[in-house]
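Residue numbers (this note's numbering), protein chains in the order written: chain A, 1 to 495; chain B, 496 to 596; chain C, 597 to 1233; chain D, 1234 to 1708.
Simulated from the structure, these hints should not be mistaken for lab results. Be a bit skeptical, because a hint or two may be false.
[Stated by the list, open to error] In silico lysine-lysine, DSS-like type, Cα no more than 27 angstroms apart, as pairs:
no., chain 1, residue 1, chain 2, residue 2
1, D, Lys1329, D, Lys1598
2, D, Lys1329, A, Lys22
3, D, Lys1382, A, Lys111
4, A, Lys368, C, Lys622
5, B, Lys593, D, Lys1678
6, D, Lys1583, D, Lys1524
7, D, Lys1524, C, Lys1198
8, C, Lys1198, A, Lys448
9, C, Lys989, A, Lys368
10, D, Lys1663, C, Lys1198
[Unchecked claim] Label-pair ranges, simulated between beta-carbon atoms:
no., chain 1, residue 1, chain 2, residue 2, range
11, D, Leu1240, A, Asp207, 33 to 43 angstroms
12, C, Ile632, A, Asp451, 30 to 40 angstroms
13, A, Pro444, C, His977, 52 to 62 angstroms
14, A, Ser68, D, Tyr1269, 29 to 39 angstroms
15, A, Gln109, C, Ile632, 51 to 61 angstroms
16, D, Pro1670, A, Leu210, 34 to 44 angstroms
17, C, Val1224, B, Val498, 37 to 47 angstroms
18, B, Phe556, D, Gly1431, 24 to 34 angstroms
The C-beta atom is built at its ideal place from N, Cα and C for all residues, glycine as well.
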Amino acid sequence: MNILLFFVIIPILMIFFLWISKNRNQIRGIMVAGSSLLLILAGILTYLYLTQRAAGDTAEMLFRSDYSWYSSLNIKLSLGVDGISVAMLILSSIIVFTGTFASWQLENQTKEFFLWFCLLSLGVFGFFITIDLFTMFMFYEIALIPMYLLIGVWGSGKKEYAAMKLTLMLMGASAILIAGILGIYFASGATSMNILEIAKAGNIPHDAQLIFFPMTFLGFGVLGALFPFHTWSPDGHASAPTAVSMLHAGVLMKLGGYGCFRVAMYLMPQAANELGWIFLILTSISVIYGAFSAIVQTDLKYINAYSSVSHCGLVLFAILMMNQTAATGAVLQMLSHGLMTALFFALIGMIYGRTHTRDIRELSGLMKIMPFLSVCYVIAGLANLGLPGFSGFVAEMTIFVGSFQHTDIFHRVITIIATTSIVITAVYILRLIGRSFYGEVKNPEHLKLTDATWDERLSAIVLIIAIVALGVAPLWMNNMIGDSVLPIVKALVIK
Amino acid sequence: MGVELYLVISTIMLCAGIYGFLIRKNTLAMLISVELILNAADINFAVFNKFLFPNQLEGHFFTLFAIGIVAAETAIAIAIIINIYRNVQSLDVDKIDKMKH
Amino acid sequence: MEYTILILLLPAIMFIFLGLAGHKLKPKIAGIFGTISLGIVTLLSLITAWEYFTSPRVNGVFEKIIPFNIEWLRLGEFLHIDIGILLDPISVMMLVVISLVSFMVHLYSMGYMHGEKGFQRYYAFLSLFTFSMLGLVVATNIFQTYIFWELVGVSSYLLIGFYYTKPSAIAASKKAFIVTRFADLGFLIGILVLSFYGQTFGFIDLMGGNSDLALQGAAQKSFLGIGVLSWALGLMFIGAAGKSAMFPLHIWLPDAMEGPTPVSALIHAATMVVAGVYLVARMFPLYIVYAPGVLEIIACVGAFTALFAAIIACVQTDIKRVLAFSTISQIGFMMVALGVSTSMDAHGGLGYMASMFHLFTHAMFKALLFLGAGSIIHAVHSNEMKDMGGLRKHMPITHITFLIACLAIAGIPPFSGFFSKDEILAAAFKFSPMMGWVMTVIAGITAFYMFRLYYNIFWAKEAKHEHKPHESGFSMTIPLMVLALITCVAGFIPFGHFITANGLVYDIHLETSVALLSVGVAIISILIATIFYRKETQPIPEMLASKFRFIHKSAYKRFYIDEVYQFITHKVIFACISTPIAWFDRHIVDGFMNLMATATQKLSYLIRNFQSGRVQQYAYVFLLGIVVIVGLILLIL
Amino acid sequence: MDYSQFLYMKEEVSLIVVMAILFLYDLIASEKARKYFSVVACVLLGAHIIYNLIPTSTPGSAFGGMYYYTPMMTIIKSILTFGTLIVFMQADLWLKREDTKFKQGEFYFLILSTLLGMFFMIASGHFLMFFLGLEMASIPMSTLIAFDKYRHNSAEAGAKYILTAMFSSALLLFGLSFLYGACGTLYFEDIPALLTSGNYMQLAAFVFFIAGIGFKISIVPFHLWTADVYQGAPTPVTSYLSVISKGSAVFVLLTILMKVFAPMVTEWQNIIYGLIVITITIGNLFALRQKNMKRFLAFSSISQAGYILLGVIGGTAIGMASLVYYVLVYMVANLAIFGVISIIEQRTEKVSMDDYNGLYKTNPKLTFLTTLALFSLAGIPPFAGFFSKFFVFMAAFKSGFIVLVVIALLNTIISLYYYLLVVKAMYINKNDNPIEPIKTDCYTKISLTICLIGIIGLGIASIVYETITAFSYGM
């Protein structure tokens, strides 16, 4: 029995038990049990992975096992993880765990909420543990659809519009993705949809690559908030309920980067080399552009959503640099952005739950009213603007140094352009903090608001610990990821 | 007297039938027009069989079956049309467009 | 010397401890904790210094020691960021300076911040700052410098914004962070470029180390007509200029005075602001070899800044602002000193030694000045000169110590400032007479405004106070006295024996001509100041002010630099870049997506009548379909 | 003659037996016995399915090639019968209504006779057989559509159906006559040899044939009757129309295209190509703004027909398999939705989408089922629809119709949009007087449960598809 299977079994069991659960306490119990199990599982997996690597197992993927599924179509349930997936699994489990607590106070239709929530996490986990194109894609879509109901029913603001827009844009992307995947499969003439085998064969014709690489990259890229297809993200995140924006911005957007790297670029290296520059320009646009548009936003969630556009842009940017350091940085950035943005959304949700507004012009002096939340927010902010000691710094520096090692002058110049984002980030973060958290309390209503409850504290603290841990001692994670991106980067080097 | 002549006739019947079906507003008249088309087809079968493939009977049999079926179909159609008449007190085909768009 | 790691660890631990558990403790306890830990750190660094400088020289120079170094992050096969401790003369010197001043400030704050809300937080931040600053100076590689560079930036941000309910404080902290952050971008890019060509971050490797060849190779390469290494080092200087408040990135420093005064003393006078100077000194060998042009730029920028700040300082009325501008000006001196160095040897490298020397002495007497100002402000609850005057009677200790500091900065022997400044002037004259004269004049102006300040505080007309000002408590006066003592004796340290450009011993000998000149100028300007400001009434300054109203006003308004920045940020970046982009995103990009959706809807309404509900029309379409298909096939065939 | 060839007709024969029994039951049963009519019908049909589930004999033909048999046909026939069984269950509530309960027998008999017609149509080896089957399937259908004869909509739908049906079948017949004229025979296995490309008569014949069968599958532009008829017909009949007759017709289309018109493959692939594009697009565009659930599903079923044709266009074995699989999956999903619609209609007379607003508050279970079914139709994992869609795409892609697949894929976005509209209505929209909680009878319960299992299980359990594939190579 492959340990990876538990990552899908546990959510399924959670769904089942939620289905038969009677009251709110049972639901909470199930969620806590399940999510902590997942967390533990992720820990165990990391341990096993590292020990196996230490034991000198240099296979590209560990914990490999194939379960035949649609054998007549060469579709298998192929499991396997490398450092990247392990990192992503850690991230997902942390965020599912904290998301559970962030939505602890949820009142209406708790059962259904967590039902869809679990389906969402099922998709996420499944995506990261499989290496079979079809299965991967299936989990990818499983993760997408619950968003509609989660946002539409439990969201806030113009939720119907946002939910519909998000779902349609992402589904549109995945529609293109199907074509890309089928293209890869048939063009490679492989006898399986297993990524490793297709990559090993590496016989996708050049012109086919030129057609299907953009499709695949775009298909995943939209989820990675690739300019100009990022507009679902501000509205979607703004209207989504806390836990959902956490999971979506924290993990789901990473599916995009992961897919681009693992599928689009790994399987079609020539096209990646030839067409990479187009997407490189797009991503660097979204890095700068997202940051700039965040400056003038007034809604906390919009600010964060645009900063997500900017940071996720950095992920795609880095993987397109096609060298080990930058790619490692990209994965680190996925991790750190996931954690940070989840923390952000969690805190925003908690603040919104109290003040019932997210407009920074109406918020002021929160530091006096709810010190804990505010301090956490400041920490999140500092992490977000890439302060040393937090994960953001590690990731961004790895990306910048790595990208700048590129031998081509164009790439180096564009890297410098991208680096300017760190200043802009500082501007909007500090503006926001100065406005909403410092200063005197303008709205007397807010004075009687309370600080965080234990569950909220828990979720915030867990996230902060993760961020700091990654920021202070990045080396082991860095090595784990670095070893794993190597084969892909090697594949990208054209002989 | 060759096969073409018959074909001309059947074609004329076909066109007449189609024309009638598209133009006549009376449902029964439309029914009759359809009959014309069907009969044109029957004629074709018979003619092809007779002139092109004289040494077999496939066409004739087909014609027989077709006639039978058409008879049944027409019967049902008339029943339904009567039913419509009961509902809207008219045979005008344009009366039955309650459901649209 | 492994114990040096404690110098880093203690403040860090103290920060975490106070940060997490601080609000549980009594304020007093927290303060004591912080101060004691800093005391230990100071002790350790003094021991370190002693041990280091008494250790035998290897062919004439103190060898660089790396007692501790770990790989922190690996970036590719050659590049890796380490966290470690590098002991060489300048870093050891900085260790002493920082820990000493920081200790004084800790002590001083016990009294000054007494009863403030968030006392524990204050000490936590102080420890954080100390940790970061120490980490910065002992960095073994350029990237570690950058890391701690950022950390000192943020701790200064936190400390400036300590009174987080005060709008001006918020604005100031924001400004400080963003301006320095902007400069740091230059630093970062510089690092990127350097590391790209040098394939290392380590100082030792960079300077005459393994990557020398790589760098020599890179020296030929050029980008936009300028050598890549000049680019790298120039960009790094931008970073340095940002931290050290060189023109035009100086605007954050005066506002930074919004923070508590001890903080200003520690961060914005003694330690953090000289980080830039330290960085240039650190990279000095590279500058000399690969970017002499950049050094000249540094010299010019420094000189201009020094002059510029000095002029402004003459007309400010907020005593902390006067001190802030004098700080800027003095740092200008240090930069000039570095800039005018032409070679590594004792002769050309005199400026290097001088700037380090001045850095040392300046740290002491400027800290003293600020702490004195602090005790004054503590007494009169105001920063404005007009609320002071005639305080000499009420607070003698403060008075004496302040006077000593003023004399030191004015460059009157035998106080420390004289010696260091003299060396700088000498170096400047060596570089070019022009530069020498300019610096001399600036020295004069310095003396003038310092004594303007002095007289306006302690003499002049006594302002009426609701309750009589009184001398501050021991916790505040003791640091004053200690620093005053150091200021008196520091000049006699044979600095050249410890720190020179090439590390070889160099005996400081005063060039009489320069010395006499500077002293003369200083005395003259002091006299002028005395005439102007000693009296109860001050007719001459007012007359001058009214005569040259424009100059006076613009100087008072700091030559409107802040307004320019205001304009750029709000009118240009916010209004002309961000807002349009945001609009574009909402209405064009997003609009396009919505357009497609609505277009589909509209289409579906347009073709509605295609389904008319009439059987005959259905038949039409049916037939039409057949005809069309047939037609198409005929076309295809 | 050799009676053993009747063994090939196992399905038909047993179906006829079932019909006969029901007929007699209808004649002789007492009022009390009539109460159990539905039970009897369902049991008999169930028995029929079980009896024919396993494909026994090897491929072969009977009656001089008039009748064909391949194991694949057993599969499709069982699927259709299975669907019919579910329709029976869902129809019960409606049949128990005052104005229909005296003609239950007719309903069962008529439905089964159309089913028989489809069987013959599927199994036909000669165009005469095909034509007979077709008509046998469509004539009783019109009476079924007009079953609620005192309701205007039903009557109108019946009229529209019979008129267009006659029109199309007349043209089909005319086309067949041309084919006969061109080839001199109408046996499936003889025709291919006689087809010569560029023969206008054959071409015309072929187009007429496509039109005639397209009418059954409701391919654009031969689809216009669909919406009205679906809306007007009694809901069980609509569901029967939408899945069973469509499914059988598609299957037949594929077999005939593969068997008979193989020589003119390029022509028919071009035609089908165009038809698929407009069918999917037009269907979607119309479905966008429908407010009546049945009409909405009519258009959705039109676009679904387009997707089904993706399995046809390749004309390959994998296409056949994916097609049959698609039909099966589509059947369970559609029947689930129609089941919900019909029970709501029976209880409350409400069929408008606006009435469904806030349904979730009152009927969570029904809503949940509907949601899953809609997701399945939209092709969202882990529900069966995803797999079936993916497989037909795969089939078409494999045959090299990449652009077509992309177009179809982009269309899925529109379809997702309108399916989500229903979900939105049920979950999100507010409603002042929502449909009160509905109690479902055991028949509906069973049928919906079966559908639910199908929706979830058919995709996850690859065995179904694998079996179908195994037989598809028997073509």
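Hint check for Asp207 (chain A) and Leu1240 (chain D) - Cβ pair distance inside 33 to 43 angstroms = violated (54 angstroms)
Do Ser68 (chain A) and Tyr1269 (chain D) keep their Cβ atoms within the hinted range of 29 to 39 angstroms?
-> violated (46 angstroms)
Given the proposed pairing of Lys1583 (chain D) with Lys1524 (chain D), does the C-alpha separation stay at or below 27 angstroms?
-> With a Cα-Cα distance of about 12 angstroms, the restraint between Lys1583 (chain D) and Lys1524 (chain D) holds, given a limit of 27 angstroms.
Is the straight-line distance between the alpha-carbon of Lys368 (chain A) and that of Lys622 (chain C) 27 angstroms or less?
-> Satisfied, since the Cα-Cα distance of roughly 20 angstroms is no more than 27 angstroms.
Hint consistency between Lys1198 (chain C) and Lys448 (chain A) [alpha-carbon to alpha-carbon, up to 27 angstroms] | violated (50 angstroms)
Do the alpha carbons of Lys593 (chain B) and Lys1678 (chain D) lie within 27 angstroms of each other, as the hint requires?
-> Violated - the C-alpha atoms of Lys1678 (chain D) and Lys593 (chain B) are around 34 angstroms apart, more than 27 angstroms.
Are Pro444 (chain A) and His977 (chain C) spaced within 52 to 62 angstroms by their CB atoms?
-> Between Pro444 (chain A) and His977 (chain C), where Cβ atoms are some 29 angstroms apart, the hint is violated.
Can you let me know if the beta-carbon spacing of Gln109 (chain A) and Ile632 (chain C) is within 51 to 61 angstroms?
-> holds (57 angstroms)
Is the hinted pair Lys1329 (chain D) and Lys1598 (chain D) satisfied, with a Cα-Cα distance of at most 27 angstroms?
-> holds (24 angstroms)
CB of Phe556 (chain B) to CB of Gly1431 (chain D), is that within 24 to 34 angstroms?
-> With a Cβ separation near 30 angstroms, Phe556 (chain B) and Gly1431 (chain D) satisfy 24 to 34 angstroms, so the hint holds.
Is Lys1663 (chain D) close enough to Lys1198 (chain C), meaning Cα to Cα at most 27 angstroms?
-> holds (26 angstroms)
Given the hint that Lys1524 (chain D) pairs with Lys1198 (chain C), test it: the Cα-Cα distance must not exceed 27 angstroms.
-> holds (16 angstroms)
Comparing the model with each earlier hint shows violations of hints 2, 3, 5, 8, 9, 11, 13, 14, 16, 17; every other hint is respected.
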